[in-house]
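Hey, can you work out the whole structure from these sequences and the hints?
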Amino acid sequence: MINLMCLTSSGGLPIFNRKRGDCDNLPFATIGSLNGVHMFCKSQGVNIQTTYMDDGLIVWREFENCITMIGAAKGITEEVLSNLLEYAFNALVLCISLNELKRNKNVEQLKRELKPYYPILDRLLDLAETDFLKFSDCVLTNENSQMLLRLNEFSEQIGSPFCTVLLHQKILVGTEGWWDLDVLDRKLLITVIQTSNKPFPDVPVYLPKKNPNIAYRFVCVALKQNISVCVLCGAEPQYADIENIARQIWKNDSAMMENAEMSYPRNLPVDLKLDQGILGLILINKQHSKYMMTRNLQPSSNGKRATAGAHRLDILRTFFHQAVDTINTFLQSPSKETNKVLKSVESYWCSDYHKCHAYAFQDNLICILYIAAIPTHNMR
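Using the UniProt record's numbering, you'd call the opening residue of the sequence shown number 1 and step up by one each time.
Please note that a few of the clues may not be correct.
Listed below are the simulated DSSO-like cross-link pairs for lysine-lysine, each with C-alpha atoms no more than 27 Å apart in a straight line [to be verified]:
1. 170 / 209
2. 286 / 134
3. 210 / 102
4. 111 / 170
5. 251 / 198
6. 286 / 209
Cβ pair distances, simulated, as ranges [what the hints assert, rightly or not]:
7. 258 / 152: 20 to 30 Å
8. 234 / 311: 20 to 30 Å
9. 44 / 200: 45 to 55 Å
10. 196 / 366: 28 to 38 Å
11. 203 / 44: 39 to 49 Å
12. 168 / 272: 17 to 27 Å
13. 373 / 203: 45 to 55 Å
14. 258 / 346: 32 to 42 Å
15. 287 / 377: 22 to 32 Å
16. 314 / 376: 16 to 26 Å
17. 366 / 200: 26 to 36 Å
18. 262 / 152: 17 to 27 Å
19. 234 / 64: 20 to 30 Å
20. 200 / 152: 31 to 41 Å
Quick caveat, the hints were computed from the structure, so don't treat them as lab data. The beta-carbon is built from N, C-alpha and C at its ideal position, and this holds for glycine as well.
Take a look at the structure:
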């Protein structure tokens, strides 16, 4: 359950209130009270950020001295809810620019301008519990290197360094410029595609991290039914020209794209088999803020009880958020005694039905869900 509230910082006027889960929208009196707590603390020089309840938490965040975001939720961590508030604010910037957001004094006009973009906010609410907001969702295939060669050629002909190929709206490959974009910008751009009422959009966007006040175009062109190429560019070239260039570059690669599509929904190459003792895994690259999640589609012959496929991924997400991400966030602050930042290398969870193990190596992190029969010392 999540309630997401947005208000003006100056007057506490509500802009929108979105929710996810089996709950009602909070009444105006409750929203006003929550904002009143924030405004009172602010007047006393106190920056209130989080409060915990018996069955949930409330998080306040103020952005650019113009927008206050309040999140009330159950079943998610403070880190996830804080990230959601940041993404929700930057989704507003993506749509109308930071300058427009800061100088717009008419709340009713602002509501009208933002209303067409509410599906993006609703999508972010959905992602808060089922995705990793701080990382881009990727697919690994045997065709990645060939596809990247084609994409770099496409990028050169289009004249934009910011290009990516998507498979089922997950990143297959991206140019160097694409990975240089902040993960928040990348994530919001993919969300635009996921929520567009057009199958292959050509939409104006602002990049909250790269440049929140310069308009770009984000263009998506179909290569195959579930494969598309996306480019971030200016007013030129025209959509038809982008489409023609894409068709020309990938015209002889139908077999390659068909082979790549076979990696979905495992998100792994078809010839890469997982041990039967592995139920699922998450592979994270921190340098480029990207991740790949998969579950073993082969039934396990061991274990006390079979774990359903979707539930496996839920267990992995919970393990990451509560055991791995929370510990790393805590350790990132320098030690008072040594003034050094500590990092956790491994983490374990064990239950009657499954075991989890996380291992960090350089910029990579892997989280694996095992059957319960695997000895703990063998998980390494």
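Hints, one by one, checked against the model:
Note on residue 170 and residue 209: the hinted pairing holds, with a Cα-Cα distance of about 21 Å set against a maximum of 27 Å. With a C-alpha separation of about 10 Å, the suggested pair residue 286 and residue 134 falls inside the 27 Å cut-off, and the hint holds. At most 27 Å may separate the alpha-carbon atoms for a hinted pair to count; residue 210 and residue 102 meet this at roughly 18 Å. As the CA atoms of residue 111 and residue 170 are separated by approximately 31 Å, the hinted pair breaks the 27 Å bound.
A threshold of 27 Å between alpha carbons decides the hint, and for residue 251 with residue 198 the separation of about 24 Å falls inside it, so the pair holds. For a cut-off of 27 Å, the pair hint linking residue 286 to residue 209 stands: about 18 Å separates their Cα positions. With their beta carbons about 21 Å apart, residue 258 and residue 152 fall inside the hinted range of 20 to 30 Å. In this structure the supplied range 20 to 30 Å is violated for residue 234 paired with residue 311, their Cβ-Cβ distance being about 46 Å.
In this structure the supplied range 45 to 55 Å holds for residue 44 paired with residue 200, their Cβ-Cβ distance being about 52 Å. Checked against the hint of 28 to 38 Å, the pair residue 196 and residue 366 passes, with Cβ atoms roughly 33 Å apart. Here the CB-CB span from residue 203 to residue 44 is close to 43 Å, well matched to the stated 39 to 49 Å. For residue 168 and residue 272, the Cβ-Cβ distance of about 18 Å falls inside the hinted range of 17 to 27 Å, so the restraint holds.
Checked against the hint of 45 to 55 Å, the C-beta distance between residue 373 and residue 203 comes to roughly 50 Å, which is consistent with it. Checked against the hint of 32 to 42 Å, the pair residue 258 and residue 346 passes, with Cβ atoms roughly 39 Å apart. As the Cβ distance of residue 287 to residue 377 is approximately 30 Å, the hint placing it in 22 to 32 Å holds. Remark: the range hint 16 to 26 Å for residue 314 to residue 376 is upheld by a beta-carbon distance near 22 Å.
Restraint check, residue 366 to residue 200: a C-beta distance of roughly 35 Å satisfies the suggested window 26 to 36 Å. Evaluation of the 17 to 27 Å hint for residue 262 and residue 152 yields a pass: the beta carbon distance comes to about 24 Å. About 26 Å separates the C-beta atoms of residue 234 and residue 64, a value consistent with the hinted range of 20 to 30 Å. Distance hint check for residue 200 and residue 152: the Cβ-Cβ separation is about 21 Å, which falls outside the suggested range of 31 to 41 Å.
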